[in-house]
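Chains A and B, in that order, give the protein sequences. Residue 286 is where the first sequence starts when you use my numbering, and the numbers rise one by one after that. Residue 4 is where the second sequence starts when you use my numbering, and the numbers rise one by one after that.
No wet-lab data here; the hints were simulated from the structure. Quantities reported herein were computed from a predicted structural model and do not represent experimental measurements. Please note that a few of the clues may not be correct.
[Claimed, not checked] BS3-like, lysine-lysine: derived pairs with alpha carbons at most 27 Å apart:
id, chain 1, residue 1, chain 2, residue 2
1, B, Lys111, A, Lys497
2, A, Lys614, A, Lys675
3, B, Lys111, A, Lys591
4, A, Lys494, B, Lys114
5, B, Lys106, A, Lys591
6, A, Lys561, B, Lys114
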Amino acid sequence: MSENSSSYTRRALLKTIGIGGGALALSHLAGANALAQQQPSAARRLSSFTGPGANPYWNSVGPMATYPQKAPLVLLTDRPVQLETPRQYFLDAITPNDAFFVRWHLESIPNEVDLSSWRLRVEGNVNKPLELSFSDLLHKFKPVTFAAVNQCSGNSRSRFEPRVAGGQWGNGAMGCARWRGVHFRELLDMAGVKSGSVQVQMQGLERGKGPKGMPSYEFKKSLDLSNPVLDESIVAYSMNGEPLPMLNGFPVRLIVPGYFATYWVKCLTDVRLLDKPDENFWMNPAYRVPDTPRGTTTPADVAAGKVKMIPINRMPVRSFIISPDGTTKIPAGLPVAVRGTSLSGFGRVVKVEFSDAARGGWREARLGEDLGPYAFRTWEYPWTPERPGKYSLAVRATDEKGNVQPDEGVWNPGGYLWNKIERQEIVVGDAA
Amino acid sequence: MIGAGKRRRVFFALLIGVCVLAVGAIYADLEIGYYTAANLGRIAQPAPPNLRPNGVYNVAAYPLYTPQLVPGAGRQDAAAYCNTCHTPSYITMQPPLPAATWKAEVDKMGKAFGAQIPTDSQTRILQYLDAHYTPETRKR
Chain A
286 MSENSSSYTR
296 RALLKTIGIG
306 GGALALSHLA
316 GANALAQQQP
326 SAARRLSSFT
336 GPGANPYWNS
346 VGPMATYPQK
356 APLVLLTDRP
366 VQLETPRQYF
376 LDAITPNDAF
386 FVRWHLESIP
396 NEVDLSSWRL
406 RVEGNVNKPL
416 ELSFSDLLHK
426 FKPVTFAAVN
436 QCSGNSRSRF
446 EPRVAGGQWG
456 NGAMGCARWR
466 GVHFRELLDM
476 AGVKSGSVQV
486 QMQGLERGKG
496 PKGMPSYEFK
506 KSLDLSNPVL
516 DESIVAYSMN
526 GEPLPMLNGF
536 PVRLIVPGYF
546 ATYWVKCLTD
556 VRLLDKPDEN
566 FWMNPAYRVP
576 DTPRGTTTPA
586 DVAAGKVKMI
596 PINRMPVRSF
606 IISPDGTTKI
616 PAGLPVAVRG
626 TSLSGFGRVV
636 KVEFSDAARG
646 GWREARLGED
656 LGPYAFRTWE
666 YPWTPERPGK
676 YSLAVRATDE
686 KGNVQPDEGV
696 WNPGGYLWNK
706 IERQEIVVGD
716 AA
Chain B
4 MIGAGKRRRV
14 FFALLIGVCV
24 LAVGAIYADL
34 EIGYYTAANL
44 GRIAQPAPPN
54 LRPNGVYNVA
64 AYPLYTPQLV
74 PGAGRQDAAA
84 YCNTCHTPSY
94 ITMQPPLPAA
104 TWKAEVDKMG
114 KAFGAQIPTD
124 SQTRILQYLD
134 AHYTPETRKR
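Taking the hints into account, I'd like the entire structure generated from these sequences.
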């Protein structure tokens, strides 16, 4: 009995091994075959441009490049320098200085500043023109510090359809830093603004090769003196507790919280009080948006000359999915933290909602630390995809003025004011 | 008796062998350890600068990463005039743009920015852009 049973067992085992062995041998062969076919090839490069449809990627498609005082960033143009911040840096509400995006208009930008001769001038329609040294700014004024988002007017221009000419930014032409400096109004008051002044003009060290008097020679921006944003603006000498990187405007730049970056003049040297509105190219026609809801219009209306244009101003509410970024699969059933950031130029983001389309409806995400009304506000949503498949994650923000991100894009000739709801496709894999 | 013991030893040796084979097969299927020639490039680190405690604050030269314009008639004109003020990546980074948009861009460079481009060169630049950078013609 025992002999029989043991013999049976042995026979059964041998049989099993025989089948298993054969199966193993087969699977080994199949495996080797699969290996030959599926051997991972090198990561593919992105093409150097996108279009004629919208850029489908989060960032722009240029190569990574290094610049002085910078981590590797996405290169748009090398002369003048335009660099975009890679997506992953936006997991934090504060963008590191070495990852902060760079955008210049003209090619002659400083490699060197001598603070022993550098002065900030306040002049024009004033009672007492000023010349302030860097040390004066540090010691003669009460310092002010706050966090604020600096976003290029053309951020996300590559989303436009039909596409428009210009810097083909993805979403990374933005950053948030803690800026420290002196109240802009205090400088104006010290110089004594004469009656009849209407605007204040800012200019920095940036120059171009064009003829004098042309916008290809110099970059100048102006704000109305009656604009309340001037009360919140500062001349910043410190960025995240460090000197500004040269490419971000060393030694000082203007900070205009809530406003697009075009007014945040870098390497600021000249502040001029004007008795008539500034009509230089960089104010008109450049950096203008349609005077319509959301600043949207159509190519036909522009061509027909029907559109009234006004200077770009505050940043519409936006939110972004930063992680997961769609480059890896997520096993079904694994809880993941969907994380991102948000901003608004009209005040605090008070609500961020998340949707995975599968269950429908919007669910409120948990907001990160409040760093002030004009800072990035991070958000997080704990998400567990139950079944394998393709998911479309979406996020939308609401600011304290009640502005909610819409699900429609905008179109205007400058490629400005993009704030459509962002989506991220995610592939959830089988975990069984 | 001896025969039975020997059979048992052979059997267990076989079993262990099969297990080793199975483990090997499983690992082979995980596709590990593949390396290939770098395709995405590498980035050299900068050496730290030599700094002195005076009032001069400087950084190294800004590096150029100049892209190649597509070869073809008119490239010389585009390179000579457009590159005066900016890198050719102002052309190469654009999506394919209609001929009318390129015309507006070249006009803007002359009228708004004051670029001194002779009329015949402007014509050749536009023909070059139309031949390589529109939705119908752009290849790379």
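Status of the hints after comparison with the structure:
With a CA separation close to 17 Å, the supplied pair Lys111 (chain B) and Lys497 (chain A) stays within the 27 Å bound. Pair hint Lys614 (chain A) plus Lys675 (chain A) holds up; C-alpha atoms about 10 Å apart against a cutoff of 27 Å. A C-alpha spacing of about 21 Å is found between Lys111 (chain B) and Lys591 (chain A), which places the hinted pair at or below 27 Å, so the restraint holds. Our distance criterion of 27 Å between C-alpha atoms is met by Lys494 (chain A) and Lys114 (chain B), whose separation comes to about 15 Å.
For the given pair, Lys106 (chain B) sits about 22 Å from Lys591 (chain A) by alpha-carbon distance, which is consistent with the 27 Å threshold. Our distance criterion of 27 Å between C-alpha atoms is met by Lys561 (chain A) and Lys114 (chain B), whose separation comes to about 24 Å.
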